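Undergrad: The primary structure of each chain is shown beneath.
There are 2 protein chains.
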Amino acid sequence: MAVGPDTLPELKPVDGFRIGVASAGIKKPGRRDIVLMEIPEGASVAGVFTKNAFCAAPVTLCKKHLGMSAPRYLLVNTGNANAGTGEQGLIDATRCCDAVAERTGVAREAVLPFSTGVIGEPLPVDKIIAALDAAKADLNEANWLNAAYGIMTTDTRPKGACEQFIHNGRAVTLTGISKGAGMIMPNMATMLGYVATDAAVETQLLQQWLSAATEQSFNRITVDGDTSTNDSCVLVATGRSGVQIDGKDPELTEKFVSALNRLMLSLAQAIVRDGEGATKFVEVRVEEAASVREALDVAYTIAHSPLVKTALYASDPNWGRILACVGRAGVEKLDLYALEIYLNDVCIVEKGGRAAAYTEEQGQAVMNGEEILIRVVLKRGEVRESVWTTDLSTDYVHINADYRS
Amino acid sequence: MAVGPDTLPELKPVDGFRIGVASAGIKKPGRRDIVLMEIPEGASVAGVFTKNAFCAAPVTLCKKHLGMSAPRYLLVNTGNANAGTGEQGLIDATRCCDAVAERTGVAREAVLPFSTGVIGEPLPVDKIIAALDAAKADLNEANWLNAAYGIMTTDTRPKGACEQFIHNGRAVTLTGISKGAGMIMPNMATMLGYVATDAAVETQLLQQWLSAATEQSFNRITVDGDTSTNDSCVLVATGRSGVQIDGKDPELTEKFVSALNRLMLSLAQAIVRDGEGATKFVEVRVEEAASVREALDVAYTIAHSPLVKTALYASDPNWGRILACVGRAGVEKLDLYALEIYLNDVCIVEKGGRAAAYTEEQGQAVMNGEEILIRVVLKRGEVRESVWTTDLSTDYVHINADYRS
Chain A
705 MAVGPDTLPE LKPVDGFRIG VASAGIKKPG RRDIVLMEIP EGASVAGVFT
755 KNAFCAAPVT LCKKHLGMSA PRYLLVNTGN ANAGTGEQGL IDATRCCDAV
805 AERTGVAREA VLPFSTGVIG EPLPVDKIIA ALDAAKADLN EANWLNAAYG
855 IMTTDTRPKG ACEQFIHNGR AVTLTGISKG AGMIMPNMAT MLGYVATDAA
905 VETQLLQQWL SAATEQSFNR ITVDGDTSTN DSCVLVATGR SGVQIDGKDP
955 ELTEKFVSAL NRLMLSLAQA IVRDGEGATK FVEVRVEEAA SVREALDVAY
1005 TIAHSPLVKT ALYASDPNWG RILACVGRAG VEKLDLYALE IYLNDVCIVE
1055 KGGRAAAYTE EQGQAVMNGE EILIRVVLKR GEVRESVWTT DLSTDYVHIN
1105 ADYRS
Chain B
705 MAVGPDTLPE LKPVDGFRIG VASAGIKKPG RRDIVLMEIP EGASVAGVFT
755 KNAFCAAPVT LCKKHLGMSA PRYLLVNTGN ANAGTGEQGL IDATRCCDAV
805 AERTGVAREA VLPFSTGVIG EPLPVDKIIA ALDAAKADLN EANWLNAAYG
855 IMTTDTRPKG ACEQFIHNGR AVTLTGISKG AGMIMPNMAT MLGYVATDAA
905 VETQLLQQWL SAATEQSFNR ITVDGDTSTN DSCVLVATGR SGVQIDGKDP
955 ELTEKFVSAL NRLMLSLAQA IVRDGEGATK FVEVRVEEAA SVREALDVAY
1005 TIAHSPLVKT ALYASDPNWG RILACVGRAG VEKLDLYALE IYLNDVCIVE
1055 KGGRAAAYTE EQGQAVMNGE EILIRVVLKR GEVRESVWTT DLSTDYVHIN
1105 ADYRS
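Sequence order for the protein chains is A and B.
Convert by adding 704 to the 1-based position in the first sequence; the result is the number in the numbering used here.
Convert by adding 704 to the 1-based position in the second sequence; the result is the number in the numbering used here.
If a hint is listed, it holds; no wrong ones were tucked in.
Heads up, the list lumps identical chains together, so a pair's fine if it works in one copy or across two of them.
Straight-line alpha carbon distances no greater than 25 Å define the calculated DSS-like cross-link-like pairs of lysine-lysine that follow: (1) Lys767 to Lys840; (2) Lys1055 to Lys755; (3) Lys768 to Lys1037; (4) Lys716 to Lys840; (5) Lys1083 to Lys755; (6) Lys1037 to Lys755; (7) Lys831 to Lys732; (8) Lys1037 to Lys1083; (9) Lys831 to Lys731; (10) Lys767 to Lys1037; (11) Lys1055 to Lys767; (12) Lys768 to Lys1055; (13) Lys731 to Lys840; (14) Lys959 to Lys716.
What the hints contain is simulated information worked out from the structure, not anything from laboratory work.
Quick caveat: nothing in here was measured; it's all calculated off a predicted structure.
Please model the entire structure based on the sequences and the hints provided.
TA: As structure tokens, then:
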């Protein structure tokens, strides 16, 4: 079950970026669970990774390799996270990198490994290596949709997005895929994102723009920057469009950065829409806050409240639970009588209590929808921030109580 | 459904403290939903209250009245929280106090009001006032068990505790009752606690000991000191035993304080055991931490993780989810290879991964029990802290999705 139509835009090839998909039979025989991505020489690569102290072995290796060499291959497996696997996990991830390096003639450090799935089980390295020749043979630029399927775990649908713009008669393409998982507390989900563009962008600038875009997308569906053991997002610029973006042309920069931001937000929101057991897609928007910090404190307190989330599941306009969240979000000197809370355009709270004109029927009409906006107007300043979340359903509990069996 | 045997100790009367119970028909006709407690003249009264900025009208009034006059009556209603009710809520709570004052000849400020139930509905003041004569007529010292029933909302069983000790041949009694509610994120539950003792304790000391006991009991089943709109706990010392406790006799002080702490912890744990949909009673204990702060950060991250809680519900020894929580708890310079994690006495994590001697059967045997200890040994210092929580079941979602209907 997921919220919104199950459609994907056309995922246009990115010149120079090739993808191969194969089956290693890690959890299910025949499932295509290995994705190999090839980065052309001369490309720039940026990455953002989990801040979890227990980061998985592949994440440790990714960060190390990124600092040593220009990446040429990304290797993703599903079904096993290679997390909580101690020293052996690092040895296993390194063996996978070595196997790719041997088959492609690049250095070990030019391979970045990614794993997602169950924590704490040994990585089935031999199975993965046995599938590499097939993945390599499959490498082609038109493989984005297969890759979107290939990186899925408990996702019920593939996730992808594509943006294009024209500069001086040349088309610049950005294409990306993502995967999510449990979304009630998304910092525990494994989120993976892979984005490529044929623009030419120098590495430092690419990293800066990726970090900023992540902050407003993947980090707006998670709490306090906390992340799972395996979260990773990689952005590759192949340069093959011939369009150089160096930050000196404000209009061109704006075109690229806004396309990147839209694409990343779309990938992040697709993860929420497909949250485990999700029946609602909810934006929690805090307006007129005095700071980003307090806006996010209020938004996350609402977005993570099991009582609000079960009310959303029940389509119950239980505004008292939302109000209680605002009150306990830790905002100093909150003026209870000034702030307002809305469900979509319906004012539900004003002057410290239920809005005078509010009727239960109005609230019910909003809650019956699949897409809901909870809007808190703090009347303290000019900052506005949004986070995206889902409801908490009995299906969520079933999925996560049964996941390992 | 609740965890552990449904038994209460004998709730012994506290000399001078009388309780009356009556039915106002707030939610269900005939249910005894009003509890009136009478405090004798000369008694000391201490209170702790929610830190939620949106605290309910009765809480606002309680705090105000406590500073103005010696309390003589406590009035509790269930079925309606009188929270999120703006100015009208304060007027309504004041009318209730006035009605008690008229019937008993005390000042309005000598009455402390308490409400628990649905947020945001107008308090049915007339119904409450109409039941006051019956509550007053029922006042007697042997009414603790009826009061424990009277303050219940979604609780499935009454909660009470009793402690006695002898000093110089005189018995000192402490008796208390509590109520809880949703426990997945207990800061959203309404917790009420009423404790009386026949010891003689001066108000300032009583407040100090109540605050300290609350910190180690009610505040160990909640997050970051956050609380609901209505949480309140009151401690009354009638002095009728003739035993004066002024802090100058270390042995006597220790007897009283440890009895109070045991009683408060018992009342708090009873709330967890009866958490909505609870099938497990879980202690999360962090040992060898460098500070209380980091111990609690780790403990609460585990205790609030929906992924850990659904695994507990499934009796699944999914240690990877616990490990991931430790990693994202924000502890600086955590040594992943030094720390250890146990389920009861079974070591599940050491050296950054699954413990070498661990078998799934051992973990399963622990998880099959109703009472589970998750123990994290950080190897950073000497601080030890525990929090108590429950699992997350499909029943929790049902209860909270259906609560208002």
